[in-house]
Every structure is written in C-alpha cells, then in structure tokens.
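K.L.:
Respectively, the protein sequence lines represent chains A and B. For reference, each letter of the first sequence is one residue, going 1 to 199 in the numbering used here. For reference, each letter of the second sequence is one residue, going 1 to 298 in the numbering used here.
Careful, some of the hints might be misleading.
Claimed, not checked - Pairs of lysine to any residue, SDA-like flavour, derived with a Cα cap of 25 Å: (1) Lys58(A) <-> Gly121(B); (2) Lys214(B) <-> Thr157(A); (3) Lys116(B) <-> Lys113(A); (4) Lys117(A) <-> Arg184(B); (5) Lys113(A) <-> Met148(B); (6) Lys229(B) <-> Tyr149(A); (7) Lys71(A) <-> Ser76(B); (8) Lys229(B) <-> Ala152(A); (9) Lys55(A) <-> Pro110(B).
Source of the hints: derived by calculation from the structure; they are not laboratory data.
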Amino acid sequence: MLRSFSFRRFILAGMAGAALAVGAGCDKDEVKKPETDPSTTVFDDFAKRVDGYMKIRKSIVDSVGELDPTKSQAEITARSTALADGIMAARAEAKQGDIFTTEFAALVATLIKEEYKRRSISVQETRSDQQDELPDFKPAVNQLYPTTYPLATFPATLLPLLPTLPEQLEYRVVQHYLVLRDVEANVILDYMPNAVPMT
Amino acid sequence: MRSLLMAGIVATFGTTAIAAQQMTLPRKSGSVRFLVLGDAGTGDREQYETANQMLRYGRLFPFTFAIMLGDNLYGSERPQDFERKFMRPYRALLEGDVEFHAALGNHDDPNQRYFKPFNLGGNRYRTFKKGNVRFFVIDSNYLDPAQMEWLEKELSQSGSDWKIAYFHHPLYTTARRGPEVELRAMLEPLFVKYGVDVVFTGHEHIYERLNPQKGIYHFTVGGAAKLRKGDTRQSPIIAARYDRDRSFLLAEIAGDSLYFQAVSRRGAVVDKGVIGRREVRPAVAAGASSTAGVPAKP
Numbered sequence: 001m002l003r004s005f006s007f008r009r010f011i012l013a014g015m016a017g018a019a020l021a022v023g024a025g026c027d028k029d030e031v032k033k034p035e036t037d038p039s040t041t042v043f044d045d046f047a048k049r050v051d052g053y054m055k056i057r058k059s060i061v062d063s064v065g066e067l068d069p070t071k072s073q074a075e076i077t078a079r080s081t082a083l084a085d086g087i088m089a090a091r092a093e094a095k096q097g098d099i100f101t102t103e104f105a106a107l108v109a110t111l112i113k114e115e116y117k118r119r120s121i122s123v124q125e126t127r128s129d130q131q132d133e134l135p136d137f138k139p140a141v142n143q144l145y146p147t148t149y150p151l152a153t154f155p156a157t158l159l160p161l162l163p164t165l166p167e168q169l170e171y172r173v174v175q176h177y178l179v180l181r182d183v184e185a186n187v188i189l190d191y192m193p194n195a196v197p198m199t
Numbered sequence: 001m002r003s004l005l006m007a008g009i010v011a012t013f014g015t016t017a018i019a020a021q022q023m024t025l026p027r028k029s030g031s032v033r034f035l036v037l038g039d040a041g042t043g044d045r046e047q048y049e050t051a052n053q054m055l056r057y058g059r060l061f062p063f064t065f066a067i068m069l070g071d072n073l074y075g076s077e078r079p080q081d082f083e084r085k086f087m088r089p090y091r092a093l094l095e096g097d098v099e100f101h102a103a104l105g106n107h108d109d110p111n112q113r114y115f116k117p118f119n120l121g122g123n124r125y126r127t128f129k130k131g132n133v134r135f136f137v138i139d140s141n142y143l144d145p146a147q148m149e150w151l152e153k154e155l156s157q158s159g160s161d162w163k164i165a166y167f168h169h170p171l172y173t174t175a176r177r178g179p180e181v182e183l184r185a186m187l188e189p190l191f192v193k194y195g196v197d198v199v200f201t202g203h204e205h206i207y208e209r210l211n212p213q214k215g216i217y218h219f220t221v222g223g224a225a226k227l228r229k230g231d232t233r234q235s236p237i238i239a240a241r242y243d244r245d246r247s248f249l250l251a252e253i254a255g256d257s258l259y260f261q262a263v264s265r266r267g268a269v270v271d272k273g274v275i276g277r278r279e280v281r282p283a284v285a286a287g288a289s290s291t292a293g294v295p296a297k298p
C-alpha cells in the first residue's frame, strides 16, 4: 500500500496554509489550517490507480511466472519481454494521465519545484555537471525505456516527498518529464511533462 | 573475429608472471582478500587487458571475491552481451571460484539483480559478510525510503569489525562530473552514525583515494574499462589519484588493517598503502594513518 510521509505532508500543509492566507487577505491569527490534508484525496486516488495497475500486472505475472535468480541471461530477457508484451497488450488503450492524473501532476510538480528551490547552489551545479549522461527522448505510454540511454539517477532527496511505489515500479526523470516505469518489464506506464525543472 | 582477438589478448597477457616486488600486499594468513573494479562492462580491448592484469595479480594474491561498483554492462544487455562484457573477460577468475558481488550503476538494467553470477539474489541492495568484514551493497541510482530504512537497520545491527559500503556514485570526487551531493546528504549521516570505515564507488572513470571525510575513507575505482584521461584535479581532499590509464584495486583486510594496492592496465602499481579501522584509528588529521607510497600527482 502506498504511504505518505510526514515531511511531504508538512510541505503541502504549509503551501495550502500560505494559499489560504494570501487568498483571504487576513491577518496571521485568522489563518485557519485546512481541516484535511489537501494531498490526501489526490494521493489516495493515485494509490487506487497504482493498485489497479498492479492487479493487471499480477494476472500477467501469473501467466509468465515470477523471476528468480538464474544463471541464464536468456531466461531473464525472455521473461522480461513476455511481461512487457503482456502489459502493453493489457493496457493497449492506456494514455498519458491515466495514472498521473492532472490533479496528481499539479501537486507533484509543485512539490518537486519547491524541493528544487531549496537546493543549494552546489547541488544545482553538480546536477548540471551531470547532464551529459541524462536520457534525451520524449517518453510515451507503453514505450520500452530505450536501452541506449542510461537510467538517470533519481534525485535522492526528492524520493521521500513522492508517494511510495510498490517495488516493481519506480519513478524516473527524463529531461523535464517524470516517468512511471515498470522495472522488470522496462515499460513506461505514464509520464507527466514539465514536472522537473531543467537546470 | 572479435572472439579470436579477445582470446589472443588473454593468451598474450595471461601467461606472463608479474615481478614479486610489484606485490605490496602482506598476504597474511586468514586475511580477507578481494578485488575492486568499477565501470567494467564495455567488452572492449581495454576491459580484457585490464582483466588480464587482475588475473596475473590474482596468481600472486589469491583473492576469493570481487566487488563490482556498477556499470557492469554498457549498452545492450542481450545474452551475448553478458558473455562478451562479463563472462569472457573474467572467465578465468570465475572458473577459479572467484565470486563477483555486483552493485548496480546507472548503465545497468535493474534486472541484472537476477543474474546469478552477480550475486544480488534478486535484490537491488543487499549485505554480505566475509570474515570480520560486513559489506553493504547499495543501489545509488534509486535511494528510496525503503532502501534507507533497510540500510539503517542493517548498519545498526552489524557487529562486524569492519563496515564497508559500496555503490556506484561517488559522494566525493574531483572528477569532472563531480560528487553526488544529494546522495551524500542522505547516506553520510548514516555512515558516520554507524561507523562505516570505507566507501568504494565508481562512475568516474579514474582512480582516486581521498583523505578521510568525516572519518571515512573514500576510493573511486571506476576505470576497469573506460577512462577519462586527465579528469582528476589537485585538491586538498585527494590523497592519491591516477587518470592516465585503466585501473583496479586489490585489498586485504587483516585484523584492524586494510592494505590496498591500485594497479594499472599495464600492471604498474599506481597507489598503495594501509589504513586502520575507524574504531581503533587514532584521532588524527586526515590521511595521517595512510602509508601510501604514491602521492597525488597532477
């Protein structure tokens, strides 16, 4: 099950509180905290969508089998391909935004931008120095992540702010896109543009 | 044709013995001996030539396992790529029962964790013990909260004398792409809190040994096949560096001492020394406990 993190909630609550303060134009004492965490509904909906995908995935895994450590790379490749084919067939109608909904994308993009703003100059410069190895392609739903590109290291300080995923899935950054990827199948499940500031 | 060429390289280099004086490690009875290599999986001539030096040194210094610091395979990862970029260059070591314990790099498909010779056991991160040494294999590509939780639990429960962490991205380096400071912010506090002694990383295609940072020795050993010639810089944090050719590291842990020797593709010793375990190390200035024979060179 997906989990939320207190730090993320703290940031979101702070952002929501600030928005209320600005919108009401009232003094500090009159600011009321939102009664519910504004992220809850959006993240709960995201969790349901991920759970829905995992049910589809499980049915495919039941037919292609689990992958255990094996000496044979051929077996690993064959199983990965079969899983990818099954996922793409089962989600042939999937489109961008099915999992990363508009509401989720807006919330997460704000979280990411806030996190980037807090970064020190040295962190920003270091990330900039590492751009030479970052993948450069436009992601698409049901696309295999091109193996010609390395998997860009995910910013370690960003992950705790995002909803935790089942271990079979992961977030990745491709240019300004945030990508949701099935790890074993190497299939891009969804993506959101303009999620990550370009440094 | 390519296979014949590589076989020729093995035949040419693999049979030549190294001079005894090139071996500086003490080879003490009962010691933990291992090979450190990073960024190895190109399948190119340079990988094979460097692998042959590992084999030659392995005859004088019989290590029982190797730690791989990621980028185990560059480019495509078809079955024939695993053969050309891993099995064939290291076949003599594998047949000599040398275990390879891989970490994942940014060029590695995470499905490598299922490839049995890499000993990841289906996991992106893991820990294993050799003698009095506990190794922590970290996936620095994707340091999610679950991995951080696992790492803290494992570090806190480890009663081993030595704690060694290894992963792909360097927390400190002078190489052009620079250190992964976000990773450092996450990992270093745990390493300090739980007494990690040494960190091995790759990613940068050079060799570097740093003066202790917050009490931890850092080695960058990312030149087992690729090279960024002249990529290191003179810096107060550097104890030794080598960026003129490919390289790897041999290490031996005996009691409270870790002896090391870095070797180039041509078989030259480019760094050597001994460091003490953190808990028994005197509280002195950075680098004071090292007796490395090769100073940092511009």
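K.L.:
Could you run down the list of hints and mark each one as holding or not?
P.N.:
Verification of the hints:
Taking the CA atoms of Lys58(A) and Gly121(B), the gap is about 21 Å. The hint holds against a cut of 25 Å. A distance of roughly 21 Å separates the Cα atoms of Lys214(B) and Thr157(A); the hinted pair therefore holds under the 25 Å criterion. Of the pairs offered as hints, the one joining Lys116(B) and Lys113(A) is violated, with about 40 Å between alpha carbons and a cut-off of 25 Å exceeded. With a CA separation close to 19 Å, the supplied pair Lys117(A) and Arg184(B) stays within the 25 Å bound.
Taken as a hint, the Lys113(A) and Met148(B) pair is honoured in the structure, with Cα atoms around 23 Å apart against an allowance of 25 Å. The straight-line distance between the Cα atoms of Lys229(B) and Tyr149(A) is roughly 23 Å, inside the 25 Å bound, and the hint therefore holds. Restraint check: the Cα-Cα separation between Lys71(A) and Ser76(B) comes to about 18 Å, which is no more than 25 Å; the hinted pair holds. The hinted pair formed by Lys229(B) and Ala152(A) meets the criterion: a straight-line CA distance of about 23 Å does not exceed 25 Å.
The hinted pair formed by Lys55(A) and Pro110(B) meets the criterion: a straight-line CA distance of about 22 Å does not exceed 25 Å.
Checked against the numbered hints above, the structure violates only hint 3.
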